[in-house]
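Undergrad: Listed in order, the protein sequences are those of chains Y and X. Counting from 32, one number per residue, gives the positions in the first sequence under this note's numbering. Counting from 25, one number per residue, gives the positions in the second sequence under this note's numbering.
To be clear, the hints were calculated from the coordinates, so they are not data collected in a lab.
Subject to a maximum C-alpha distance of 25 Å in a straight line, what follows is the list of computed SDA-like cross-link-like pairs (lysine to any residue):
(1) X:410 - X:397
(2) X:410 - Y:50
(3) X:410 - Y:73
(4) X:410 - Y:40
(5) X:410 - X:398
(6) X:410 - X:214
(7) X:410 - Y:46
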Amino acid sequence: MTARPATQILVLNPTTCDGRGLCAEAAPGLVDLDEWGFPLLTGGGLRADIPGERLAEARDAVHACPALALHLESAARHRR
Amino acid sequence: MTIATTDAAERLGLSLRSSLAVHLAEHGHLPASRGRHGSVAGSLVDEVERSGLRGRGGGWFPTAVKLRAVVESSAARGRLSTTRRPVVIGNGMEGEPASGKDAMLLAASPHLVLDGISAAAHAIGATEAYLAVHRGSHLVPGLLAALAERAEATVDEIPIRLVTPPARYVASEESALAHWVGEGLATPVHDRRPFQSGAGGRPTLVQNVETLAHLALIARNGGPWFAGVGSPAAPGTTMVSVGGAVAAPGVVEVPTGTSVASILDRCGGPTADVTGFLTGGYGGAWVPTAGFAATPWDPDSVRAAGGVIGASVLWAVGPDTCPLHEMARVAAWMAGETAGQCGPCAFGLPSVRDDVHLLAVRRAGAGDADRLRARLGLISNRGGCKHPDGTARFLATGLAAFPDEVAAHLAGRCSFGSTRPGSPSSLPVPEARLASTDVNGRDFA
Ligand code: SF4
Ligand code: SF4
Chain Y
32 MTARPATQIL VLNPTTCDGR GLCAEAAPGL VDLDEWGFPL LTGGGLRADI PGERLAEARD
92 AVHACPALAL HLESAARHRR
Chain X
25 MTIATTDAAE RLGLSLRSSL AVHLAEHGHL PASRGRHGSV AGSLVDEVER SGLRGRGGGW
85 FPTAVKLRAV VESSAARGRL STTRRPVVIG NGMEGEPASG KDAMLLAASP HLVLDGISAA
145 AHAIGATEAY LAVHRGSHLV PGLLAALAER AEATVDEIPI RLVTPPARYV ASEESALAHW
205 VGEGLATPVH DRRPFQSGAG GRPTLVQNVE TLAHLALIAR NGGPWFAGVG SPAAPGTTMV
265 SVGGAVAAPG VVEVPTGTSV ASILDRCGGP TADVTGFLTG GYGGAWVPTA GFAATPWDPD
325 SVRAAGGVIG ASVLWAVGPD TCPLHEMARV AAWMAGETAG QCGPCAFGLP SVRDDVHLLA
385 VRRAGAGDAD RLRARLGLIS NRGGCKHPDG TARFLATGLA AFPDEVAAHL AGRCSFGSTR
445 PGSPSSLPVP EARLASTDVN GRDFA
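Okay, chain Y solo, but in the shape it has when bound:
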């Protein structure tokens, strides 16, 4: 299967994240945890491209976060 171009970006706000890792439980393929229990997104930064077929998982991660530290935004919005 070929990945479609990313339409959504998973964005983490590190100042609100409290590191309990519910996001990684909800979407283990998309979010890993570092040795201190804080989320590691694909690519290592605070924004990760989400291919269309993984959008449902990304939504699960967003909804699992009790701190509202994750959200999805459309890739177009951030093109400069």
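Starting from the structure of chain Y, add chain X with the ligands where the hints point.
TA: Relative to chain Y, chain X with the ligands alone:
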């Protein structure tokens, strides 16, 4: 490359201690604002663009672009918006312990900086203007006196207020400064930039005080005058804080592009065989000695040589100083300066602090060094501000610049017998913070 002449290199009046009268005799008044609001203002932004001025606080971002961004952000709000009118904040916090340029400028030429705040405020239509220096700064009485002189002589269209956020490393970050002015909190703000929504939700221009002093001179003399010296891609003069193994450590003003060797010469030259340099400060980068002396001091050239110009700190490490010990001391301090908001910073920095400490005291094995390198990769790009990234770069470049010393320490040896106490090339680390004060400078009851 433009060749420096001595008089062209001395623009900021660093040998003075200017009262308003002396300042006006030297520089004259800022050009009067003529015509309808906005006409002259627009021309100052154009003039700054022609000057090629880039921010001297560390980022070297084009000042005209920043001015325009604030103007556009303000214009995008409705005429009736209560948060439409911008705010200007002069950043004299100088959170970088190895830097002394901003304090020197504010002591010598306060009115040039205040003119810059005034001119910038006029250019972007700001209705509030502030100058920030850290709490407890020795500059406060002099600056209050300077502001009183200006109020008496009514030189400013809008009053400039002095604010004193807590003396914490991250409090000088621009979003933290806007946060402090707007809400009295000194923590960095992650999800919006000050030009979009800063102090009190207003578009906010935060500029380093040296940048503002240059801007005040550009308002008088024009952009082409400013660009008449220095490297074409980052013209003008710049202040450099020079420390470590040099005969006369201190702050010098030189045209950008001046070689590292000439800057060291301005400070009496190296006192010993220099083993390496720290560039940019504690969020900057270490470079090995070889070849660096010929590097022109401007952002691109320093980067090409593996350094970071940052807040224009140049620190020469002499042979009585163990660079790994210095790294451990600074890492301990930087870890204590986390604002504690983000996991990779609040937990990651203490972890790398412990790793580099083990290395410095020769208790680390090869596995510990590898873990340190891996962790340095892990803490970058994941914080709400660049504090962990800067610390990671400081440590990673240090490990890379002194490979023989790392190997010696892993083998249980230190070529320097650790840093000799009182070594002049030991990096300055501020006293530990009072445990009873939080990051916002409040006392815990
Ligand atoms: S669920 Fe939310 S708060 Fe918890 S670790 Fe994930 S992003 Fe952070
Ligand atoms: S990265 Fe560190 S200093 Fe920066 S906002 Fe997060 S906790 Fe604060």
